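So the protein sequences, as listed, match chains A and B.
Our numbering applies: residue 60 is where the first sequence begins, and numbers increase by one.
Our numbering applies: residue 472 is where the second sequence begins, and numbers increase by one.
If you are wondering where the hints come from, they were derived from the structure by calculation, not from laboratory data.
What you are looking at is a predicted structure, and each value in this text was computed from that prediction instead of being measured.
Incorrect hints may appear among the rest.
Just so you have them, the derived chain B footprint on chain A, three or more residues with Cβ under 8 angstroms [unchecked claim]: (1) 125-136; (2) 145-151; (3) 214-226; (4) 239-246.
The calculated EDC-like cross-link candidates involving lysine to aspartate or glutamate, where the alpha carbons are at most 16 angstroms apart (straight line), are [claimed, not checked]: (5) Lys-192/A <-> Glu-605/B; (6) Lys-260/A <-> Asp-506/B; (7) Lys-868/B <-> Asp-1035/B; (8) Lys-192/A <-> Asp-506/B; (9) Lys-192/A <-> Glu-521/B; (10) Lys-502/B <-> Asp-111/A; (11) Lys-502/B <-> Glu-230/A.
Chain A is faced by these chain B residues, among others (derived, beta-carbon under 10 angstroms) [stated by the list, open to error]: (12) Phe-486; (13) Leu-488; (14) Gly-493; (15) Leu-503; (16) Thr-1147; (17) Gly-1151.
All residues carry an ideal CB built from backbone N, CA and C; glycine is no exception.
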Amino acid sequence: MSSTDKNQTVSSEAAPEEKDSPASSTSGWAVFMFFMIGFVGSLLAGWILFPDLLYSKKEQPIDFNHAVHLDVVYDGCNSCHFFRDDGTFAGMPDLNSCVDCHQEVMTGDPEEVKFVEEYVQPGIEVPWLNHSKQPDCVFFSHAAHVIGADMSCASCHGDIGTSSHTRTYEENRLTGYSRDIWGHSISRLGKPEPGEPKPMKMNDCAKCHLEETGHKGACFQCHK
Amino acid sequence: MKIDRRSFLTYTTAFVLGGAAGSMLSPAPWKLTDDIAIWTQNWPWTPVPEDGEVTHKKTVCTLCPCGCGIDVRLVGGRPVKIEGSTDHPVNKGSLCPKGFSGLQYLYGPARVTTPLKREGKRGEGKWKKITWDEALTAVSDKLAELRASGRPETVACIADSDQGTIPNLIGRFMTAYGSPNFLCAATAKDAVEQAIYVTQGKQGVPVFDIQNADFILSFGAGVLEGWGGPGRMLNLYGAGKSSKTIVQVEPRLSDTAAKANQWIAINPGTETALALGLANVIINESLYDKNFVENFAFGFDRWTDENGVTRDGFTAAVKGYEPAKVAQITGINQADITALARKFAKAAAPIAINGRGQGLLPGGIDESLAVLMLNALVGNINKKGGISVMPDFDYAKWPEIKIDEVASKGMQQPRVDGAGSEQFPNTRYLLNRLPEALNVAGDGVPIQALLVTDANPLYTMPDTEAAKKAFDRIPFIVSFSPYMDETASFSDYILPNHSYLERLQDVPSAAGISRQVISLSTPVVKPVYETRHIGDAFIMIAQNLGGFIKNAFPWKDYETFLKDALKEHWRNLKRKGLVELSHNPPEPLTYLFNTASGKFEFYPTAQTNGTDQPAALPAYAPVPIEGDMQRFDLVLTPYDTIRLAGGNLASAPFMTKTVDDTVLKKETSFVEINPTTARGLNLKEGATARLTTPKGEATVKVHLYDGIMPGIIAMPRGLGHTAYSVYLADKGTNVNTLIGSIADPASGLDMAWGIRAQLTRI
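Okay, chain A solo, but in the shape it has when bound (with noise of 0.2 angstroms):
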C-alpha cells in the first residue's frame, strides 16, 4: 500500500492531483471483486473446461460385443487375449484370430455385416482404439500379473469382458493417450467404481506395488 500512502501525501500537498485519490479510482472491495471473478473463473474452466477440451471424443471403428463372445468361447478373456507361446502377451487380437469364426457373417448383426464387409473382406486390420496403451518407454509384463500374481483382467481393466457395446474412447489431444490411464477424475482424487477400469499411471502401478508386495518397485522394473 505504498503507493498509497504515496498518494495521499501527494494528494493533501496539491489539490489538482486529487483525481488520483483512491476513492475516486481503486476502491477495495473492487479488487476484490477482480480477483474473484478470476479466481472462481479459473477455477470453474479448470475444473469443467479444461477436461472437454483436453480429451476428443471418439468410438470403436465396431460396436464390439464383449458379452456375446464371452459367451460362446471356452477360454474365457484368454480365448482371443492370449499368451503367445514365448510368454509375450497378444494384446488386441488381430484379424487371423477374428477370421477363425468370422469368415463369413454368422449372425447378420450390422456391426458383424461391417466387420466382414469392410475389414475381413479386405484384409484390412481394425483400427481399434486401446484404452489401455501405454508409452514405449514402459515395459509391462501381462505374464508377470496374471499368470505369476494370478490378477483377474477386470482388476485393472474393470468389466469390459461383461460389456455389450465399446465405450467412447478419449483420447487426451496433446499425448495421443487414452483418458483411462490418468483415470476418468481429472483430479485423480477418490477410487474408480468397482468394475470400472483402474487409471494407469507410474504412481497407480507404486501404490499398488506397494500395497501388494511391500516395495514400490525399482525405476529398472519398468523403464528398462
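Use these hints to put chain B onto chain A, whose structure you have.
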C-alpha cells in the same frame, strides 16, 4: 465506478492474480505439465521399436558368396536382428560384421526405391522415376535394336559371381541373345582354380580343409579378415585355436598376423620366392611325401617329352631358390626359412594357402602354383585336411537352349576381355582388361550396351577414374543394383533388384568347405520398395525380345524357373533350407587326375598349351609395380579388414562406426607408415600429408605403426565411396583410385599388389 488507466491496470492485475490463484487450485496446470512431458516423448521423429509377435526366420546371407546361414529375428513382421544360424554347416553360428549389420542394407537410405531413368549428365545424380513397364521396354528396345543391327556381341554383362542360378540365368540370357561377354571380377580363387586345373586337370571349386589341418601356413591370406568366408573362418578359429598352428606371412601386422602363432614379415610381392625356397629346403632335406611324389606325381624330376626332348622337372625349378638367396629376396632371416620348411613338412596335417587379405585380387598364377606345389610336396592333395577340388555345382537342371543364327554368330566373336583367347587360354574372366579394351580409338567402342548385375566395377576396379572414363564411352549402361552404388549412379537406367532379405535365391556356398552345400535364401520380408527380382526382370526382357530368346525362358517368373531347375532338391530346400551333397576326397590315396599324364603335374604341361613354351614351371619374377622409383620412394599396398567391406557391396554404416580413428577420422583416411620411415619424411602421428601415386592423389593423415615394414605404406579397402548415402559417401579415400592393374603374362589376371607412392607433408 470510474475506470481510468491506473485502476484498469489494478483491476486487470487483480483479475490475473485471481485467475492464477484459481488455476493453481484446479487440475489444469498439473495435468498439462504431465501431458507435455509425455508429448515430448511422442514426437513423430522419435524412433519407436515395432511391437508384436517375435518370430524367427532362417535364411542364407547373400551379402558375399560364402553362404552363411542366418537367423533373422522379427517383431511384428519387421526384421530387427540378424544372427548366425548355429545349425548351418558353413558358419555354425558365427557371422561377420557385415552380416550382422545386414538390416541396414534393407532399410538404409542407399536403396533405389523405384526404376529410374537418367535425366542430367552421367553421374550427376538427376533421375526421373519411371514405371517398371517403361524401364523394361527401354532396355528391351535397346537390346532389340543392337541385335537387329547384327552385333549382339556388343552387349556385355558384369556380374559379381558366376555361381548359382541367378548368374547362370543371366548367362543363359547372354547366350540366347548372342554375346560371349559375360564378365566377373576375378578373385584369388580364380588363380587357385587355374593352378589346380593346370596341375590336376580338374575344373571346379577349390576346397581348403582348414578344419582338419593342424598347421596353417598362410601366404598373406587373411583368415581372420574374411578369406575363405568370414563366418566359417571365425568359427574355426574360435573352435580350434589351441590345436592349430598358424603362421602368417605378410608385410603388415594384420589381425590374422597378430593372432597367429608366428608372423613372418616378408617383402611384399615375394611370396612366390618364399614358397619355392621352402620347397627347396623340403626337397634337399628329403622331407617330402615320397609315396605321393613317386606314385602320383609327374614332372618332379627330369623327364622326356614325346619328341624326345629332356625337360627340367620341379626339382630343377626350385634349385635356384636356396635359403640364402630367398632370404635376400624376401627379407626373411635364412634360419627362419629353413626352420619354417622343416616345421611345415613335419606337421601332421599341414596346409599352405594364399590370396592376399580377403582374396579379392587374384595375384599372379605363379604364386598360386608355387603354393599348390608346396602342398603337393607334403602329399596334401585330395585328402583330409588338404586341398582338393570339388566339381562345379551342377544341381540345377537347365533345359536345352536353342539359339538362332544371330546369336550363334555373336557367340563366336572373341571376348572383349581376351579371356579364353590363345593368349590366356585357361582364364575365364578378365574384367581388369575391360577399360583398356573400351579405350580403342575412334567410335568403334566394342561394347554398345552394358548390363551390371550386383557388381560395382566403378568402385572396385583399380585406377577407378580411368575405368570411369572408359565406361563413359559405352552409350547405354543399365544397372540392376538394389543400391545407389557408384556404378548405378553412373548408369542410364536403374532397374532395382530386391535387397537380399527380400529375394528368393539358391546359394551354392563358395566358402571352400569340403562339401557341396546349397542353401535357399528365402524372403524374410515383403519387398519394402517398388523393386523386382533380377531373375524376373531378365525373364521379362527375354519375353519382350521374343523369338529364340523368349523360347529359352519358358517360365513365368524366377520362382517357377527355380522350382523347375532344382527338381528333386526343391522340396528339401523348401523344407530344410539347405541341401548337402557329399564331397569325399577319394580315399585311400586313389588320386584321380585328368592331366595328360594322369598324375599331379609338378610340370604343368597344360600351361604350355601345346606349344614348345618351356615356361610352365613356377618361377619367381618380381612384379613390375608401377611408378618411377626416384620420384615415388614408398610403396602403397591396400589391405583388407573384417570391419570394412571392400568388394562390390559397400560397408553398412554400422561398420564404418567400428573403424578406429587411426584409420578414418571425420572425412580423412589414414595411411599406416613405419615410424622409421615417417621420421625420414618428417611426419608425426596424425600429420596431414599428400599421397601421390602414378594413378592419382589424395589428402590423408598418417598413422605411425610398428606393424608395417619400413618403406611400405598401407590403406584399407572399403572406404572413400562417392555414392550410396550420406552415411557412406565421402568418408575417406578409395584406395582403388590410387592403384593400377598389372596383368599376369601367363593368365592375364591382375597381379598388382601395390604401387609406388610419395608422401609429402602439407
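Here is what the structure says about each hint:
{"no.": "1", "hint": "125-136", "verdict": "violated (count 0)"}
{"no.": "2", "hint": "145-151", "verdict": "holds (count 3)"}
{"no.": "3", "hint": "214-226", "verdict": "violated (count 0)"}
{"no.": "4", "hint": "239-246", "verdict": "holds (count 3)"}
{"no.": "5", "hint": "Lys-192/A <-> Glu-605/B", "verdict": "46 angstroms, violated"}
{"no.": "6", "hint": "Lys-260/A <-> Asp-506/B", "verdict": "12 angstroms, holds"}
{"no.": "7", "hint": "Lys-868/B <-> Asp-1035/B", "verdict": "8 angstroms, holds"}
{"no.": "8", "hint": "Lys-192/A <-> Asp-506/B", "verdict": "15 angstroms, holds"}
{"no.": "9", "hint": "Lys-192/A <-> Glu-521/B", "verdict": "14 angstroms, holds"}
{"no.": "10", "hint": "Lys-502/B <-> Asp-111/A", "verdict": "13 angstroms, holds"}
{"no.": "11", "hint": "Lys-502/B <-> Glu-230/A", "verdict": "14 angstroms, holds"}
{"no.": "12", "hint": "Phe-486", "verdict": "4 angstroms, holds"}
{"no.": "13", "hint": "Leu-488", "verdict": "6 angstroms, holds"}
{"no.": "14", "hint": "Gly-493", "verdict": "4 angstroms, holds"}
{"no.": "15", "hint": "Leu-503", "verdict": "8 angstroms, holds"}
{"no.": "16", "hint": "Thr-1147", "verdict": "52 angstroms, violated"}
{"no.": "17", "hint": "Gly-1151", "verdict": "56 angstroms, violated"}
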